[in-house]
Amino acid sequence: MKNKLKVLRAERDWSQEVLAHHLDVTRQTINAIERGKYDPSLPLAFKLARLFESSIEEIFDYQEK
Amino acid sequence: MNTEIQQKFQLKKSFILFMVVFTILLQLVYFFGRSLEVSLYLKALIALLPVVPFLLALISMVSMIKQDDEMFKKITADSFILTGCITLTWTLAAGLLQQLDIIPSFSVFYVYCTMLMTFSFSYLFTSKKYQ
Numbered sequence: 010m011k012n013k014l015k016v017l018r019a020e021r022d023w024s025q026e027v028l029a030h031h032l033d034v035t036r037q038t039i040n041a042i043e044r045g046k047y048d049p050s051l052p053l054a055f056k057l058a059r060l061f062e063s064s065i066e067e068i069f070d071y072q073e074k
Numbered sequence: 007m008n009t010e011i012q013q014k015f016q017l018k019k020s021f022i023l024f025m026v027v028f029t030i031l032l033q034l035v036y037f038f039g040r041s042l043e044v045s046l047y048l049k050a051l052i053a054l055l056p057v058v059p060f061l062l063a064l065i066s067m068v069s070m071i072k073q074d075d076e077m078f079k080k081i082t083a084d085s086f087i088l089t090g091c092i093t094l095t096w097t098l099a100a101g102l103l104q105q106l107d108i109i110p111s112f113s114v115f116y117v118y119c120t121m122l123m124t125f126s127f128s129y130l131f132t133s134k135k136y137q
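Going line by line, the protein sequences match chains A and B. Our numbering puts the first residue of the first sequence at 10, with every later residue one more than the last. Our numbering puts the first residue of the second sequence at 7, with every later residue one more than the last.
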């Protein structure tokens, strides 16, 4: 699943470590989400959306295979 | 957050400690257990000694998994599933070959050893998927 996490993070000048701290996950998880290797759970997606003050759809782009 | 890190460190420490005790007891039972000349019940108790620290190590491991974030929980769950599938397949194959006397019988203990190794490789393989 594609996402704008890296862009949103860069806009705020946050490192992966800082974002991970905000979401109470590991840096590796943030890295995996950014690279599209791991799709976050719904609660984590909501946490991300709230943190970046946007909707889940604005951050994540779901494409059916 | 700090207490969480401390808790994780404490759990890791106890896990390592239990595994060290387990390894020592396992070596002792495995290499010297047969030569013991004691009653059958005492021998059984001695044989089961390594199970106690292993169980405690497992409890620590479960607590560590509980504190992991969702991706690492998924990696662990995937690894357990993969290990289960591999172990079921090879024990079935080996069991059938043994039933027909094609391969010799071996101790169930080796299933445990192979399972541990399989889990380690499964964990490495699964975590690579998310890197």
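Derived from the structure by calculation, the hints contain no laboratory data. Possibly wrong hints are sitting among the right ones.
Result set (DMTMM-like, lysine to aspartate or glutamate): computed pairs, CA atoms no more than 25 Å apart in a straight line [to be verified]: (1) K72/B - D84/B; (2) K15/A - E76/B; (3) K134/B - D33/A; (4) K79/B - E20/A; (5) K134/B - D48/A; (6) K135/B - D75/B; (7) K46/A - E20/A; (8) K134/B - E73/A; (9) K80/B - E20/A.
Listed next, with one range per pair, are the computed distances between beta-carbon atoms [what the hints assert, rightly or not]: (10) R59/A - I22/B: 49 to 55 Å; (11) F115/B - R44/A: 37 to 43 Å; (12) G45/A - L64/B: 33 to 39 Å; (13) H31/A - I92/B: 35 to 41 Å; (14) R36/A - Q12/B: 39 to 45 Å; (15) G45/A - L46/B: 56 to 62 Å; (16) A83/B - H31/A: 50 to 56 Å; (17) S63/A - V58/B: 49 to 55 Å; (18) Q13/B - Q72/A: 51 to 57 Å.
All C-beta atoms, glycine included, are put in the ideal place defined by N, C-alpha and C.
Do the hints match the structure? See the list:
1. K72/B - D84/B: holds (15 Å)
2. K15/A - E76/B: Satisfied, since the Cα-Cα distance of roughly 20 Å is no more than 25 Å.
3. K134/B - D33/A: Roughly 22 Å between the alpha carbons, so the hint for K134/B and D33/A holds.
4. K79/B - E20/A: Violated - the C-alpha atoms of E20/A and K79/B are around 30 Å apart, more than 25 Å.
5. K134/B - D48/A: Holds, at about 15 Å.
6. K135/B - D75/B: Measuring from Cα to Cα gives roughly 16 Å; hence the hint holds.
7. K46/A - E20/A: With Cα atoms ~22 Å apart, K46/A and E20/A stay inside 25 Å; holds.
8. K134/B - E73/A: Measuring from Cα to Cα gives roughly 24 Å; hence the hint holds.
9. K80/B - E20/A: Violated. K80/B to E20/A sits at ~30 Å, over the 25 Å cutoff.
10. R59/A - I22/B: 49 to 55 Å: Violated - the Cβ-Cβ distance for R59/A and I22/B, about 38 Å, lies outside 49 to 55 Å.
11. F115/B - R44/A: 37 to 43 Å: At roughly 41 Å between Cβ atoms, R44/A and F115/B fall inside 37 to 43 Å, so the hint holds.
12. G45/A - L64/B: 33 to 39 Å: holds (34 Å)
13. H31/A - I92/B: 35 to 41 Å: holds (38 Å)
14. R36/A - Q12/B: 39 to 45 Å: The hint (39 to 45 Å, Cβ to Cβ) is violated, given that R36/A and Q12/B are roughly 19 Å apart.
15. G45/A - L46/B: 56 to 62 Å: Given range 56 to 62 Å: holds, Cβ gap about 59 Å.
16. A83/B - H31/A: 50 to 56 Å: violated (25 Å)
17. S63/A - V58/B: 49 to 55 Å: holds (52 Å)
18. Q13/B - Q72/A: 51 to 57 Å: Violated - the Cβ-Cβ distance for Q13/B and Q72/A, about 40 Å, lies outside 51 to 57 Å.
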